[in-house]
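Participant: Each chain, written out:
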Amino acid sequence: MLTRSTLLSIALFQAALLAVGFLVSGNNYYMLLLTQVALFAAFVAAWNIIGGLTGQLDLASSAYMALGGIVTSLLWMRLGLPPVVGVWAGGAVAAGLAVLIGIPTFRFGVREVWYALMTASLVVILNNLFRYFMGPWDFYLPNKWGWLYLRPRTYFELFIIVDVVLLAVILVNIYISGSKIGYYLRNIKEDELVSEAIGVDTRLYKLIALAIYSFITGAAGFLQVVIYSSFSYRLFDAGLAISIAIMGIIGGLGSISGAIAAAMVFRALGEYLRSTLGGVIPGLDLLLYGVALIVVGILKPEGLAGLFNQLRRWWRK
Amino acid sequence: MSVGGLLVAVLQQVIDGVFLGLFYAIVASGLALIFGVMDIINFAHGDLVMISAYFVWLISTYLNIDPLLSMLLVLPVLFVLGLAIQKGLINPVLGKEPLIQIAVTVGLGFVLQNIALGYFKAEPRGYPNPVFSEGLSIGPFVIYESKLLSAAVSVLVLFLLDQFLSRTKLGLAMRAVTDDRSSAMLMGINVERVYLLTFAVGMVLVGVASGLWMEMGQVWPYLGTSFSLVSWVAVALAGLGSIRGLAVSAVIIGIAESMGSLISPSVKMAVVYLIFFFILWFKPRGFFAKR
Amino acid sequence: MTKRFGGVVALNDVTLSVGRGEIVGLIGPNGSGKTTLFNCITGVYKPDKGRVFFMGRDITGLQPHEVAKLGIARTWQKVRPFRNLTVLEAVTTGALLRTDSVEEARKTAVEVLELIGLPREEWGRLGSEITLMEHKLVDLARALATGPKLLLLDEIAAGLRPHEQERLAEVIKKVWSDRGLTLVVVEHVMRFVMSLSKRVVVLHEGRVIAEGPPEEVASNPRVIEAYLGIKPV
Chain A
1 MLTRSTLLSI
11 ALFQAALLAV
21 GFLVSGNNYY
31 MLLLTQVALF
41 AAFVAAWNII
51 GGLTGQLDLA
61 SSAYMALGGI
71 VTSLLWMRLG
81 LPPVVGVWAG
91 GAVAAGLAVL
101 IGIPTFRFGV
111 REVWYALMTA
121 SLVVILNNLF
131 RYFMGPWDFY
141 LPNKWGWLYL
151 RPRTYFELFI
161 IVDVVLLAVI
171 LVNIYISGSK
181 IGYYLRNIKE
191 DELVSEAIGV
201 DTRLYKLIAL
211 AIYSFITGAA
221 GFLQVVIYSS
231 FSYRLFDAGL
241 AISIAIMGII
251 GGLGSISGAI
261 AAAMVFRALG
271 EYLRSTLGGV
281 IPGLDLLLYG
291 VALIVVGILK
301 PEGLAGLFNQ
311 LRRWWRK
Chain B
1 MSVGGLLVAV
11 LQQVIDGVFL
21 GLFYAIVASG
31 LALIFGVMDI
41 INFAHGDLVM
51 ISAYFVWLIS
61 TYLNIDPLLS
71 MLLVLPVLFV
81 LGLAIQKGLI
91 NPVLGKEPLI
101 QIAVTVGLGF
111 VLQNIALGYF
121 KAEPRGYPNP
131 VFSEGLSIGP
141 FVIYESKLLS
151 AAVSVLVLFL
161 LDQFLSRTKL
171 GLAMRAVTDD
181 RSSAMLMGIN
191 VERVYLLTFA
201 VGMVLVGVAS
211 GLWMEMGQVW
221 PYLGTSFSLV
231 SWVAVALAGL
241 GSIRGLAVSA
251 VIIGIAESMG
261 SLISPSVKMA
271 VVYLIFFFIL
281 WFKPRGFFAK
291 R
Chain C
1 MTKRFGGVVA
11 LNDVTLSVGR
21 GEIVGLIGPN
31 GSGKTTLFNC
41 ITGVYKPDKG
51 RVFFMGRDIT
61 GLQPHEVAKL
71 GIARTWQKVR
81 PFRNLTVLEA
91 VTTGALLRTD
101 SVEEARKTAV
111 EVLELIGLPR
121 EEWGRLGSEI
131 TLMEHKLVDL
141 ARALATGPKL
151 LLLDEIAAGL
161 RPHEQERLAE
171 VIKKVWSDRG
181 LTLVVVEHVM
191 RFVMSLSKRV
201 VVLHEGRVIA
211 EGPPEEVASN
221 PRVIEAYLGI
231 KPV
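Residue numbers (my numbering), protein chains in the order written: chain A, 1 to 317; chain B, 1 to 291; chain C, 1 to 233.
One chain only, chain A, in its complex shape (with noise of 0.2 Å):
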């Protein structure tokens, strides 16, 4: 469904993304948090596809992200295989377990909140798991710098390709939104006893939600594990995931724009308090988070994207 004015805002988007790129592209730290919170807007963009668009609420983001990113390093580091190449690996792992993990979650009639159970403990499970396997350590990425590893010598050069995929990413979801397969996620979203009442293979769909954004999120996984320059068991992260979610709920669920607006501006937020306050109160940004979903939660369930209507509605008149 890629209407003039979609396009039109998408271009809108990317010229000023743009734009802010080139301002901060003297100084390496906002350069890096510029390239860091899109980044950030992409995996919850991705997020949007199964938590947005079909209603699951997935804590697992930094799961699949820590493992496509890790299997992704792994196969260059042992194998030599390129990170370009080896990012299409890393996707299929993430999503070869979400789906392991959906399949007998997703059978119809299996209330949510386990869905919610298994993925927010999966992040703990595997972040003690590689601890336990692979060693407290950090694994730093091999010293060799290019596009075929993905790893571009200049942090602009870095920017670039993050802003390709969180392009990509929300071509993905447009896509998704104007077919068939959209309509069936919101329906599911909406009423999954209907859906199955009208032909709709409910744990199927959900499926195919899932593997998209996982595969999305464990592909681009990698270019996190860049930013950081290493690995380590700690980019299982929980808090991550959770705020992720958080994301694209505060943003509306379904709406792209509205989760890409709050990842950005939270974030941004965040790193802020972090930088500012961060030493003396650690996880200050995080609690901002979850006020900030909770205050959503209570009083306006639609997010940023139902206030946003609510605004243009009011408008109008």
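FYI, nobody ran anything at the bench for these hints, they're computed from the structure. Beta carbons are placed, not taken as given, at the ideal position from N, Cα and C, and that holds for glycine. A hint or two may mislead.
[Claimed, not checked] Listed next, the in silico DSS-like pairs over lysine-lysine satisfying Cα-Cα at most 25 Å (straight line):
#1 C:69 / A:180
#2 C:78 / B:96
#3 B:87 / A:300
#4 C:149 / A:180
#5 C:149 / C:174
#6 A:180 / C:107
[Unchecked claim] Chain A regions said to be covered by chain B (calculated; three or more residues, Cβ under 8 Å):
#7 55-67
#8 98-105
#9 122-136
#10 201-207
#11 238-248
#12 276-285
#13 293-299
[Said to hold, decoys possible] Pair ranges (Cβ atoms, derived):
#14 C:128 / A:7: 50 to 56 Å
#15 A:313 / C:119: 21 to 27 Å
#16 A:18 / B:97: 51 to 57 Å
#17 A:271 / B:218: 47 to 53 Å
#18 C:119 / B:80: 53 to 59 Å
#19 C:119 / A:32: 35 to 41 Å
Keeping the supplied structure of chain A fixed, place chains B and C upon it in accordance with the hints.
Facilitator: The following block gives chains B and C in isolation, referenced to the frame of chain A:
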């Protein structure tokens, strides 16, 4: 290691597992009560135990008393806290879609974790001189007094809870609402009041659990995560409806976790997770929607 | 078939046959097992005993979406609102059962909505914005859009005023003849059922207690006794 040695090690874990399981039963009972009566999916349950444990630690440290005594002081605080959370957070989202409900409680848990992190920092805190810290040697096995006492208290509390639910007016009202909310309303039960009190009672159980935990161990901001998982797995395994069933599943989980720690302490949560996964594959009856 | 829920026997050895092209009425007081029967047919429940045959094929225990694909559609007793979807979107989703193209599905949806007689202005409205009567019509349209051979209507007249009920009955008759459907109409409202169906089956406490043409059934003493209090035709 000799066969005898291995056997002793395994049995030791079974014993510890039973103690752990009884503790888990208390933790899970609060969740089961709230979930059963109010049909609300509280993801923050473990984090509430964690915050309560910090309260216990604070009182113990300031007044220099044993955690079990602090626990008694903490219970009324938690009761009131329970009323506040129910009215302020839970009630507003009761009618809304499950995802929002879960999300709000996830938010609550997240907030609690980070308040704890910000205020107390990440290092574990424990009360250095609990009264019951000796390990009794019974044959080749070591049984810690604290664990034994905790198990005894757990059994007592579970028994009291069972009696409460089957003999008192409020308890029966709670069960009626669990079974069928609309009929309960028609019978004149003030469902809103039942909800309020249920949450408060659930929080008292949380308080008991936290006191028991502080008698045996330490608290840190992420303690709650594993408690949440275990509680939900226990509820999944047992279904809702009987305290006895819940106690049995909690003990099973405790034993499984202890056995897991024979392999490695990091792996024991993975064992619980695997149990959960397998229940979901093969026997999902506890997972299905009330229809 | 027989279906139990714990100690309650919702359906006790119930047999129902429906011939192609028939309109069969299924009546009975609340709790007699009508919705349970529908749920067993459509795969939401699995009967404890007995089988379901559709067009010569055993469909017992199939998943609901498989049953829908084979050509059985239904409407809902308790209104299931599609609050965040528009009318057109909801019906299009139904039509997607028979095609992969959203364009084609939308065309089918438009056709069906016109057949049902829902005015075009309503098609863009959200589920949260429409009236009860419109809801019933959309529910019907959505079920029709899935291209069924058998349509199960579960108390579709419930909550409607008499003139709305009449209009609905007209629409159903039109749809039935236009599409060559077979219908099973569960109803509480006697007038509705009697005007539509040639044959009526009566359920009471999970059992069939009468079967036959509407006038006969209406004067059957057992039926009157079971209903005690319902207004007769």
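Participant: For every hint, state whether the structure bears it out.
Facilitator: Here's how the hints hold up against the structure:
As the CA atoms of residue 69 of chain C and residue 180 of chain A are separated by approximately 16 Å, the hinted pair is consistent with the 25 Å bound. Between residue 78 of chain C and residue 96 of chain B the CA atoms are separated by roughly 18 Å; this keeps the pair inside 25 Å, and the hint holds. For a cut-off of 25 Å, the pair hint linking residue 87 of chain B to residue 300 of chain A stands: about 18 Å separates their Cα positions. Restraint check: the Cα-Cα separation between residue 149 of chain C and residue 180 of chain A comes to about 23 Å, which is no more than 25 Å; the hinted pair holds.
This hinted pair checks out: residue 149 of chain C and residue 174 of chain C have alpha carbons roughly 15 Å apart, not beyond 25 Å. At roughly 14 Å between alpha-carbon atoms, residue 180 of chain A and residue 107 of chain C fall within 25 Å of each other, so this suggested pair holds. A count of 4 residues in the region 55-67 of chain A with a Cβ less than 8 Å from any Cβ of chain B is obtained; the coverage claim is therefore met, three being the minimum. Using a Cβ-Cβ cut-off of 8 Å, 3 residues of the region 98-105 of chain A lie near chain B, which meets the minimum of three, so the contact claim holds.
Requiring three or more residues with a Cβ within less than 8 Å of a Cβ of chain B, the coverage given for the region 122-136 of chain A holds, as 7 such residues are present. Coverage of the region 201-207 of chain A by chain B is violated [criterion: at least 3 residues with CB-CB distance below 8 Å; count 0]. With 5 residues having a beta carbon nearer than 8 Å to a beta carbon of chain B, the region 238-248 of chain A meets the requirement of three or more and the stated coverage holds. With 4 residues bearing a CB less than 8 Å from a CB of chain B, the region 276-285 of chain A meets the requirement of three and the coverage assertion stands.
Interface restraint, the region 293-299 of chain A with chain B: holds (4 residues with C-beta to C-beta distance below 8 Å; minimum three). Remark: the range hint 50 to 56 Å for residue 128 of chain C to residue 7 of chain A is contradicted by a beta-carbon distance near 30 Å. At about 23 Å, the beta-carbon gap between residue 313 of chain A and residue 119 of chain C stays in the expected band of 21 to 27 Å. Range check, residue 18 of chain A to residue 97 of chain B: about 38 Å between beta-carbon atoms, so the 51 to 57 Å window is missed.
Hint check: residue 271 of chain A to residue 218 of chain B, Cβ distance near 32 Å, so the stated range 47 to 53 Å is violated. A hinted range of 53 to 59 Å for the beta carbons of residue 119 of chain C and residue 80 of chain B is consistent with their spacing of about 56 Å. In this structure the hint that residue 119 of chain C and residue 32 of chain A lie 35 to 41 Å apart at CB is violated, the actual value being about 57 Å.
The structure does not agree with the numbered hints 10, 14, 16, 17, 19 stated previously, though it agrees with the rest.
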